[in-house]
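All chains, please: the whole structure from these sequences, using the hints.
There are 2 protein chains.
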Amino acid sequence: MYFTKSFIPILKNNPSEAKIKSHQLMLRVGMIKQSSSGIYSWLPLGFKVMKKIEQIVRDEQNKIGAQEILMPTIQSSEIWKESGRYEDYGQEMLRIKDRQNREMLYGPTNEELVTDIFRASVKSYKSLPQLLYHIQWKFRDEVRPRFGIMRCREFYMKDAYSFDISDDAAFFSYNKFFLSYLRTFKRLDLVAIPMAAETGPIGGNLSHEFVILAETGESKIFTDKKIFEVNSDDTKLEKQSLEELRKKYEKFYAVTDEKFNNEEFEKKVTEQDRLITKGIEVGHIFYFGDKYSKPMGASVDLTGGKKVFVKMGSYGVGVSRLVGAIIEAKYDDKNEVMKWPISIAPYDVSIIPMINKNDNTALEKSIKINTEFIKNNIEAIIDDSDENLSSKLKKMNLIGSPFQIIIGNQADGDTLEFKETGKKSTHIKLDEVIKIIKKEKEKI
Amino acid sequence: MYFTKSFIPILKNNPSEAKIKSHQLMLRVGMIKQSSSGIYSWLPLGFKVMKKIEQIVRDEQNKIGAQEILMPTIQSSEIWKESGRYEDYGQEMLRIKDRQNREMLYGPTNEELVTDIFRASVKSYKSLPQLLYHIQWKFRDEVRPRFGIMRCREFYMKDAYSFDISDDAAFFSYNKFFLSYLRTFKRLDLVAIPMAAETGPIGGNLSHEFVILAETGESKIFTDKKIFEVNSDDTKLEKQSLEELRKKYEKFYAVTDEKFNNEEFEKKVTEQDRLITKGIEVGHIFYFGDKYSKPMGASVDLTGGKKVFVKMGSYGVGVSRLVGAIIEAKYDDKNEVMKWPISIAPYDVSIIPMINKNDNTALEKSIKINTEFIKNNIEAIIDDSDENLSSKLKKMNLIGSPFQIIIGNQADGDTLEFKETGKKSTHIKLDEVIKIIKKEKEKI
Chain D
37 MYFTKSFIPI
47 LKNNPSEAKI
57 KSHQLMLRVG
67 MIKQSSSGIY
77 SWLPLGFKVM
87 KKIEQIVRDE
97 QNKIGAQEIL
107 MPTIQSSEIW
117 KESGRYEDYG
127 QEMLRIKDRQ
137 NREMLYGPTN
147 EELVTDIFRA
157 SVKSYKSLPQ
167 LLYHIQWKFR
177 DEVRPRFGIM
187 RCREFYMKDA
197 YSFDISDDAA
207 FFSYNKFFLS
217 YLRTFKRLDL
227 VAIPMAAETG
237 PIGGNLSHEF
247 VILAETGESK
257 IFTDKKIFEV
267 NSDDTKLEKQ
277 SLEELRKKYE
287 KFYAVTDEKF
297 NNEEFEKKVT
307 EQDRLITKGI
317 EVGHIFYFGD
327 KYSKPMGASV
337 DLTGGKKVFV
347 KMGSYGVGVS
357 RLVGAIIEAK
367 YDDKNEVMKW
377 PISIAPYDVS
387 IIPMINKNDN
397 TALEKSIKIN
407 TEFIKNNIEA
417 IIDDSDENLS
427 SKLKKMNLIG
437 SPFQIIIGNQ
447 ADGDTLEFKE
457 TGKKSTHIKL
467 DEVIKIIKKE
477 KEKI
Chain U
37 MYFTKSFIPI
47 LKNNPSEAKI
57 KSHQLMLRVG
67 MIKQSSSGIY
77 SWLPLGFKVM
87 KKIEQIVRDE
97 QNKIGAQEIL
107 MPTIQSSEIW
117 KESGRYEDYG
127 QEMLRIKDRQ
137 NREMLYGPTN
147 EELVTDIFRA
157 SVKSYKSLPQ
167 LLYHIQWKFR
177 DEVRPRFGIM
187 RCREFYMKDA
197 YSFDISDDAA
207 FFSYNKFFLS
217 YLRTFKRLDL
227 VAIPMAAETG
237 PIGGNLSHEF
247 VILAETGESK
257 IFTDKKIFEV
267 NSDDTKLEKQ
277 SLEELRKKYE
287 KFYAVTDEKF
297 NNEEFEKKVT
307 EQDRLITKGI
317 EVGHIFYFGD
327 KYSKPMGASV
337 DLTGGKKVFV
347 KMGSYGVGVS
357 RLVGAIIEAK
367 YDDKNEVMKW
377 PISIAPYDVS
387 IIPMINKNDN
397 TALEKSIKIN
407 TEFIKNNIEA
417 IIDDSDENLS
427 SKLKKMNLIG
437 SPFQIIIGNQ
447 ADGDTLEFKE
457 TGKKSTHIKL
467 DEVIKIIKKE
477 KEKI
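Going line by line, the protein sequences match chains D and U.
The working numbering numbers the first residue of the first sequence as 37 and each following residue consecutively.
The working numbering numbers the first residue of the second sequence as 37 and each following residue consecutively.
Any given hint could turn out to be false.
The list treats identical chains as one, so a pair stands whether inside a single copy or across any two.
Using 25 Å as the maximum straight-line C-alpha spacing, the simulated DSS-like pairs for lysine-lysine come out as follows [as the list claims (entries may be wrong)]: (1) Lys479 to Lys411; (2) Lys88 to Lys99; (3) Lys88 to Lys174; (4) Lys117 to Lys69; (5) Lys479 to Lys222; (6) Lys475 to Lys99; (7) Lys222 to Lys284.
It should be emphasised that the hints constitute simulated quantities derived from the structure, not laboratory data.
What follows is the structure, given as structure tokens:
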């Protein structure tokens with residue numbers, strides 16, 4: 037992609053309305069554009085990152101056997117009256133009357149709708165477990181939208197729902213998502229800690245929030261530092277292995293402020309291991325048994341004619357929110373350097389030629405390099421604009437390809453000035469560069 | 037995928053509420069489920085087909101240099117007041133008041149929003165042309181939703197928009213989409229005829245509808261049969277080649293009833309070549325110059341300080357509607373046989389073993405075959421249910437994998453009963469089967 041052909045509207049300075057660094061960067065580098073309060077359009081750069089995150093989230097859902105569906109954004113109020121949540125939800129729910137004066141709403145979450153699909157489709161315990169998910173736009177009419185796409189009104193989420201015959205079977209499903217989330221966030225190069233959490237308006241009595249550390253986070257967190265050493269590398273998608281994984285994490289104190297108890301904290305965590313910091317919620321999982329299946333009559337037949345209300349859980353990842361969360365975790369706003377994890381980077385590498393009037397040598401060299409990249413499945417952006425080298429570098433530091441190649445106007449022989457974004461340059465040959473980038477991409 | 041693990045709720049009979057065959061099949065075979073009037077959830081089988089269509093549409097947009105963005109579903113009324121369409125749109129527009137009592141709406145189309153993005157982002161003629169597209173849910177509050185997803189309220193569309201400096205440059209963009217659409221529909225195994233059309237509420241004076249023939253179509257069409265011989269195989273993405281393509285099509289009379297003129301029809305088309313039939317609109321392209329850019333002030337600077345309002349076109353493909361349109365074109369409802377084009381089939385092949393009590397030989401054979409398929413990137417569904425062979429066949433004829441393998445309980449040596457769905461069986465070896473399916477997939 038040539039920068040001059042791309043639709044990447046860059047701002048010279050940080051927009052004054054943006055208070056946190058993800059909002060600043062996203063506006064600055066044309067990833068998003070606000071269309072109205074708390075509602076954003078995603079421009080090509082932001083869209084590319086979000087789509088790559090979406091694909092990783094999807095892939096990890098498929099790996100645990102969840103099946104993808106797609107529920108609509110507009111729902112009827114009727115099912116919400118069945119579950120009893122229509123009034124509970126308050127003003128955050130965007131309520132709509134259609135031309136026939138029917139009460140509709142823009143889905144803020146989908147427990148009711150998925151339960152309605154399930155009860156119409158599944159009759160026998162033999163069809164269980166069922167894990168269904170969708171990735172769809174949701175709307176919550178925040179009274180004060182802020183922080184760009186971190187606390188906006190229209191947002192993109194993956195929601196999964198599990199249906200099981202018993203609590204025991206349902207915990208197995210719950211633990212599958214627990215593992216899936218750890219793997220998802222790892223592929224996004226994030227360290228997400230599962231923390232015991234309140235269930236809030238979703239309900240139920242078992243819940244974990246997945247939180248990444250970030251100074252600008254909205255949640256205060258209290259944790260044992262040793263939890264960062266736990267990992268899921270050896271965990272298998274089997275009942276016992278998953279239970280062990282849960283236990284490994286739950287050995288360590290880790291809660292958000294709503295669950296915080298100082299006495300317990302001090303008792304369970306040695307002084308040197310106590311960490312009080314801030315975090316961003318990137319995922320949340322819930323087990324709520326028959327909270328929806330019972331009032332909505334979602335049951336399956338057992339052998340012998342008995343019926344049982346299915347036991348359900350729900351599992352959310354904020355896909356659009358993750359774009360901002362990753363910026364909060366990775367963006368060095370002092371030096372104005374962003375380096376996207378290569379798994380979700382908009383481009384693998386920026387090619388930055390110095391272009392002088394009447395001298396296209398560096399640009400031509402860039403195009404040749406890009407031809408080799410394309411052959412090797414490496415995606416590059418070439419800054420073919422007529423800006424000077426330092427303003428090009430500044431801009432590409434914001435765009436955030438994890439690697440950069442700088443092509444000055446003096447001949448460098450067959451070595452290239454190559455760098456990891458934000459680090460020091462080295463001078464190596466093109467085939468070395470290709471090897472390094474390909475190796476990095478293989479890790480995804 | 038095992039049928040018993042899948043979420044494919046099959047109905048025994050055609051649902052009585054469905055009047056056309058796409059609606060019948062989609063409900064019958066669990067591709068969709070109505071959630072409220074004119075609003076549907078997409079279940080795994082329907083979702084898979086729609087996603088594959090979306091990917092082909094996307095791919096062909098990228099090939100002509102269009103860049104993908106994503107505009108939100110909920111828009112502010114303000115930009116619609118700027119363009120003057122807020123009142124025009126009438127009751128089909130779903131109007132919403134948010135908690136701050138602001139007038140919002142669920143986007144029925146996006147000319148205003150994309151013009152707003154453009155005017156905030158592009159200042160110079162040097163950045164033109166720009167082709168932007170998005171694939172997003174839209175809402176039109178139909179007074180009488182019907183025919184399933186063919187005339188529903190919430191639907192999934194690809195919308196593209198072009199921005200150019202002059203009429204002449206804009207026609208080049210228009211023609212790029214013209215070609216892109218022909219290629220898209222061809223990959224979906226559809227013969228779509230571009231027809232001169234009215235511009236309706238979008239406005240402008242140049243427009244083509246892309247129509248596929250189908251008895252159940254809502255548009256009456258009048259055309260010269262010879263138009264079916266025209267193709268875009270040799271067309272290049274160049275100005276002149278594209279103009280020639282347009283001319284090749286426009287040589288032949290082809291209009292929908294709103295543009296029909298009998299005298300002209302009889303004068304231009306010989307009697308034996310006159311075709312009066314029905315069709316389904318699957319795409320629609322418009323050129324409308326500065327209809328939106330002028331009232332909304334979307335201009336670019338020319339050299340010398342002059343400004344010009346950009347010349348715009350818009351280009352729509354109904355992604356969700358195509359699922360139904362393809363069924364209308366391909367489904368043999370008399371014999372209840374659907375055969376999806378392999379480019380968008382939910383599965384490449386159905387493996388149908390005869391399973392008797394205490395005898396799993398055929399199922400085991402199926403699993404072995406599937407292992408080979410997976411190695412060859414062929415996606416199969418195995419009907420591991422305990423139904424009898426004839427009801428399995430009936431069901432798989434509805435699911436519509438383009439190929440079927442039937443595994444009876446007598447030993448067939450190393451040959452398999454293999455058939456193209458809806459055709460006669462042959463007995464061939466597995467490696468032959470793999471060769472045939474792979475060859476078919478390569479054509480996509």
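Hints versus structure:
no.: 1; hint: Lys479 to Lys411; verdict: both (19 Å within a copy, 22 Å between copies)
no.: 2; hint: Lys88 to Lys99; verdict: both (17 Å within a copy, 19 Å between copies)
no.: 3; hint: Lys88 to Lys174; verdict: both (19 Å within a copy, 23 Å between copies)
no.: 4; hint: Lys117 to Lys69; verdict: between (36 Å within a copy, 20 Å between copies)
no.: 5; hint: Lys479 to Lys222; verdict: within (11 Å within a copy, 37 Å between copies)
no.: 6; hint: Lys475 to Lys99; verdict: within (24 Å within a copy, 28 Å between copies)
no.: 7; hint: Lys222 to Lys284; verdict: within (17 Å within a copy, 54 Å between copies)
Figure legend: structure checked against the earlier numbered hints; every hint is met.
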